[in-house]
Amino acid sequence: MDIFIQQLINGLVVGSIYALIALGYTMVYGILQLINFAHGEIVMMGAMITISAISVLSATGIGLPGPVLVVGGLLIAMPITMLIGFIIERIAYRPLRNAPRLAPLITAIGISIVLQQVAVLVWKNNPRSFPDLLPHEGHNFFGAVITDLQIVIVALALLIMVGLLVMVEKTKLGRAMRAVSMNQAVAGLMGVNINYVISMTFVIGSGLGAIAGVMVGANYGLAYPTMGFMIGLKAFTAAVLGGIGNLGGAVAGGILLGIIESVGAGYLGPLTGGVLGSHYQDIFAFMVLILVLVFRPSGLLGERVAERA
Amino acid sequence: MTLARYSLIASAVVALTACGNKEETPAAETAAPVSATAPGDVVIKIGHAAPLTGNIAHLGKDNENGVRLAIDELNTENVEIGGKKVKFEMVSEDDQADPKTATTVAQRFVDAKVAGVIGHLNSGTTIPASKIYSDAGIPQISPSATNAAYTQQGFKTAFRVIANDIAQGGALGEFAATTLKAKKVAIIDDRTAYGQGLADEFEKAAKAKGVTVVGREFTTNQATDFMAILTTIKGKKPDIIFYGGMDAQAGPLTQQLKKLGVSAKVIGGDGFQTGEYIKLAGDNAEGQYASQPGMPKDKMPGFGAFNEKYKAKFNTDIQIYAPFTYDATRVMVAAMKKAGSSDPAKYLPEMAKTDYAGVTGPIKFDAKGDILGGNVTVYQVKNGVWEAVATVGGAALAPAAAPAPAPADAAAPAPAEAPK
Chain G
25 MDIFIQQLIN
35 GLVVGSIYAL
45 IALGYTMVYG
55 ILQLINFAHG
65 EIVMMGAMIT
75 ISAISVLSAT
85 GIGLPGPVLV
95 VGGLLIAMPI
105 TMLIGFIIER
115 IAYRPLRNAP
125 RLAPLITAIG
135 ISIVLQQVAV
145 LVWKNNPRSF
155 PDLLPHEGHN
165 FFGAVITDLQ
175 IVIVALALLI
185 MVGLLVMVEK
195 TKLGRAMRAV
205 SMNQAVAGLM
215 GVNINYVISM
225 TFVIGSGLGA
235 IAGVMVGANY
245 GLAYPTMGFM
255 IGLKAFTAAV
265 LGGIGNLGGA
275 VAGGILLGII
285 ESVGAGYLGP
295 LTGGVLGSHY
305 QDIFAFMVLI
315 LVLVFRPSGL
325 LGERVAERA
Chain P
34 MTLARYSLIA
44 SAVVALTACG
54 NKEETPAAET
64 AAPVSATAPG
74 DVVIKIGHAA
84 PLTGNIAHLG
94 KDNENGVRLA
104 IDELNTENVE
114 IGGKKVKFEM
124 VSEDDQADPK
134 TATTVAQRFV
144 DAKVAGVIGH
154 LNSGTTIPAS
164 KIYSDAGIPQ
174 ISPSATNAAY
184 TQQGFKTAFR
194 VIANDIAQGG
204 ALGEFAATTL
214 KAKKVAIIDD
224 RTAYGQGLAD
234 EFEKAAKAKG
244 VTVVGREFTT
254 NQATDFMAIL
264 TTIKGKKPDI
274 IFYGGMDAQA
284 GPLTQQLKKL
294 GVSAKVIGGD
304 GFQTGEYIKL
314 AGDNAEGQYA
324 SQPGMPKDKM
334 PGFGAFNEKY
344 KAKFNTDIQI
354 YAPFTYDATR
364 VMVAAMKKAG
374 SSDPAKYLPE
384 MAKTDYAGVT
394 GPIKFDAKGD
404 ILGGNVTVYQ
414 VKNGVWEAVA
424 TVGGAALAPA
434 AAPAPAPADA
444 AAPAPAEAPK
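These protein sequences, in sequence, are chains G and P.
Taking this note's numbering, the leading residue of the first sequence gets 25, the next gets one more, and so forth.
Taking this note's numbering, the leading residue of the second sequence gets 34, the next gets one more, and so forth.
By construction, these hints were calculated from the structure, which means they are not laboratory data.
Since we're looking at a predicted model, the values are computed, not measured.
Incorrect hints may have been included.
[What the hints assert, rightly or not] Calculated cross-link-like contacts (lysine-lysine; reagent style DSS-like; alpha-carbon spacing at most 30 Å):
id, chain 1, residue 1, chain 2, residue 2
1, P, K344, G, K148
2, P, K332, P, K298
3, P, K242, P, K401
4, G, K148, P, K401
5, P, K269, P, K415
6, P, K342, G, K148
7, P, K118, P, K298
8, P, K237, P, K216
9, P, K133, P, K401
10, P, K346, P, K332
11, P, K312, P, K269
12, P, K242, G, K148
13, P, K370, P, K344
14, P, K133, P, K117
15, P, K214, P, K269
16, P, K164, P, K240
17, P, K189, G, K148
18, P, K312, P, K342
19, G, K148, P, K78
20, P, K346, G, K148
21, P, K379, P, K332
22, P, K397, P, K164
23, P, K189, P, K133
24, P, K133, G, K148
Please model the complete structure; the sequences and the hints are all you need to start from.
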C-alpha cells in the first residue's frame, strides 16, 4: 500500500509539472488555435538559463543560501524566456496569422529545432547537473516519502494555476484574452489590442514554462538541450487529454497523466507478466493520447468551447 | 478540430522532431584530418567512431582525443612502414550511440578504405558494425565495448583492449556478495546491449554466490525519470541496487534514490565510473561503487605520463577510455610496422600476435580477440572522487591503491578470475 501511495505522490509531482507546461500549450491554442510546439524548448531554455545564472550568482561569492540562489536564477531566466516567447510569436507566428493552419505549425517545429540547436551550441551536448541547492528532506507520509522540494513543486504549481485562472476571469487582460479567443475580429472592433493580447499570452506562457523547467531540473537533478522534446510532447498530451484550449482541463489532464504514467510504469511489469517491462513507461502518455483522440477528441473537459482562454 | 487532423499533426510532429534530433551535424564532426601531410608521404587513414553528439558525447570526445594524441605522436616519430615514410590521418565519425547510425558509419569507413578502425564506444554500436568490418576485412579494435558477444561472433577482425562483461559482471557479483556481504539485490538495466549484458552477467555471478535477486527493472538510455521503478524497488528492500548503463542515467537515478529515502548502495560497471556521474548524482554520489576494466589508473604503467600529455594537449580531464583508445591505435600501428604494410589483409595476422606494453598495461589477445588477463577494478566515490577499492581478476590480485588503504577484506576473498 505504501508503494502505491508513493507512486501516487510521484505521479502528482510530475503531473503538476506537466500541468504547468500544458497551460502554456492550451493558452496559445485557446487564442490562436495554434499548437506552439516550441513550448517544450522554452521549458528547456528556462532550466538551462537558470543553471547558468545560478553558477554566475554563486561565483559572486556573496554566499547566498541555496533557495535564494535558485529563485534568483529563475528570476533571471524568466524575463529571458518571456522575451524568447515574445520574439517567437513576433517573427514566426504573427506573419502567418492568416495563413493555412499547417504553416505556423511547421514554423513551430522549425523554431523548436532552432532553439534546441542553439542550446547545444551554448551549453554543449552533455547533460548539466542541476545544482543541489534546495532542501529535499524527506517526510514520511503513510509509509511513502515526500520531500520538501516535491511539496514546494506541487504547492507552487497549484498556486500558479489558481493565479492564472483568476487572472483570466477577473482582470482586464484576462477579459481581453477571452474576447480574442471568442472572436478576434469582433474583439478588435471593440477596441481590444489583439497583437498586445496575443504577445502577452506568449509572454505569460513562456514565464510559466521557465518555472516548469526549473521544477523539472530540480526534481530530476539534471537538464540537457534535448529535454524539451519529450516533456513538451507529454504536456501536449496532457492538454489534449483535458481538452485543449481549456485551462482547467490542462491542469486536470496534467495531473491525471502524471499519475497514470507513474502508477502504470510501477505496475506494468507484473500486470503483463514481464512481457512489457518498466522501460515502456513512455507508452502510457501516447496510449492516452490515442485513446482520447479516438473516443473523446474534445478531451475530458472540452465541452465549454466558448469559454476557452 | 477533427480527429484526423490531430493524429496527422501529432505524427508529423513526432516524425519531424525526431529527425531533428537524429540528424544533428554529423557533417561538421566528420573527417577532420589530424595533421597536414607533406606531399610524397604515404597517408594511412585510421577510422575512429564514437558518439560525438548526444548525452554521452563527453565520452566519445574523450575516445577521439586518445586516438588523436596517438596519431599526432606517431606523425612526429617518422614512422616507416615497408621502408616508406608514412603519415597517419584520423577519420572520426559520429555514430550517435545508435546501432543504425553505427552501421552507416562503418559502411562509410569501408568506402573510404580506412586501414583500420578504433571503436566503437558502445557495445550496441560495436556489435552491428563489426559485421561490416569483418566482411570488408578491416581490423577493428574497440577500446570500450565490453559486451561478451562482440568477440564471440567468430570475426577475425574484432579485437578489444578491455576486459569483457563476463569478467566485469562476474567481478562485480563477486564483490557484492563477498565484500559488501549483500543478501538481496535489485537489478536495473537500460536495455542496451551493454547494460543488459552486464546486468545478466552480474545476476549470474551474484546468484551463484547465493545472493537473492529481489527485483529486475528496466529503463532506457534516454530516461531521466526513475521514480516509478525505484519506488517498486524500494518496496523490495534490497541491500544493493545494480545499474547496468551509462552515467547520464546512473547520475539522476542515484539522486532520485535519495529523494525516495532509499539508502541501498548503487553498484555498476564502467559506464558510470566517470567524473560526470559524480556531478550528476550530486551529494548522493558518495559511497557508491562502480567498476572499470583494467587496473586502477595509478597502477597503469604509463598513466602518469599519458595524463600529463593529455592535459597539456586538450586542457581537460580524461573521462575513461582515452588511454585505451591511445593504446588501441598504437597496437594497430605496431602491427602495421611489423607486417611492413598497412594492407589489412597483411597486418591482421600480426595484430592477432600482438604483444605490446601499453599505457593501460600489457596487451595480448586470445584466439577470439579478447584481451588476455584483463582485470577489473572496483571503485568507490570517496570525498567526491573515485578511489580504487579492489582489483579483481586477471593474473594478479592487486590490493587497493596506495593512497586509499582499503579494508583488508576488500581484496582478499576474491579469487583470481580469468576472463573466459
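The hints, checked one at a time:
For the proposed pair P/K344 and G/K148, the alpha carbon gap of about 20 Å is at most 30 Å, so the pair holds. A threshold of 30 Å between alpha carbons decides the hint, and for P/K332 with P/K298 the separation of about 26 Å falls inside it, so the pair holds. A threshold of 30 Å between alpha carbons decides the hint, and for P/K242 with P/K401 the separation of about 28 Å falls inside it, so the pair holds. With a C-alpha separation of about 38 Å, the suggested pairing of G/K148 with P/K401 is violated against the 30 Å cut-off.
Using a Cα cut-off of 30 Å, the hinted pair P/K269 and P/K415 holds, with the two alpha carbons roughly 27 Å apart. Under the criterion of a C-alpha separation no larger than 30 Å, the hint pairing P/K342 with G/K148 is consistent with the structure, at around 24 Å. The suggested pairing of P/K118 with P/K298 is violated, with an alpha-carbon distance near 54 Å, which exceeds 30 Å. Between P/K237 and P/K216 the alpha-carbon distance is near 14 Å, which keeps this suggested pair within the 30 Å criterion.
With a C-alpha separation of about 25 Å, the suggested pairing of P/K133 with P/K401 holds against the 30 Å cut-off. The straight-line distance between the Cα atoms of P/K346 and P/K332 is roughly 23 Å, inside the 30 Å bound, and the hint therefore holds. In summary, the hint linking P/K312 to P/K269 is supported, as the alpha carbons are separated by about 28 Å, within the 30 Å threshold. For the given pair, P/K242 sits about 44 Å from G/K148 by alpha-carbon distance, which is inconsistent with the 30 Å threshold.
Between P/K370 and P/K344, the direct Cα distance comes to roughly 28 Å. Compliance with the 30 Å bound is thereby established for this hinted pair. Our distance criterion of 30 Å between C-alpha atoms is broken by P/K133 and P/K117, whose separation comes to about 38 Å. Restraint check: the Cα-Cα separation between P/K214 and P/K269 comes to about 17 Å, which is no more than 30 Å; the hinted pair holds. Restraint check: the Cα-Cα separation between P/K164 and P/K240 comes to about 33 Å, which exceeds 30 Å; the hinted pair is violated.
For the proposed pair P/K189 and G/K148, the alpha carbon gap of about 38 Å is over 30 Å, so the pair is violated. As the CA atoms of P/K312 and P/K342 are separated by approximately 25 Å, the hinted pair is consistent with the 30 Å bound. A threshold of 30 Å between alpha carbons decides the hint, and for G/K148 with P/K78 the separation of about 28 Å falls inside it, so the pair holds. As the CA atoms of P/K346 and G/K148 are separated by approximately 20 Å, the hinted pair is consistent with the 30 Å bound.
For the hint linking P/K379 to P/K332, the alpha-carbon distance of about 35 Å lies beyond 30 Å, and the restraint is violated. Restraint check: the Cα-Cα separation between P/K397 and P/K164 comes to about 23 Å, which is no more than 30 Å; the hinted pair holds. Distance hint between P/K189 and P/K133 is fulfilled; the C-alpha atoms sit about 23 Å from each other, no more than 30 Å. Restraint check: the Cα-Cα separation between P/K133 and G/K148 comes to about 24 Å, which is no more than 30 Å; the hinted pair holds.
Going through the hint list in order, the structure does not satisfy hints 4, 7, 12, 14, 16, 17, 21.
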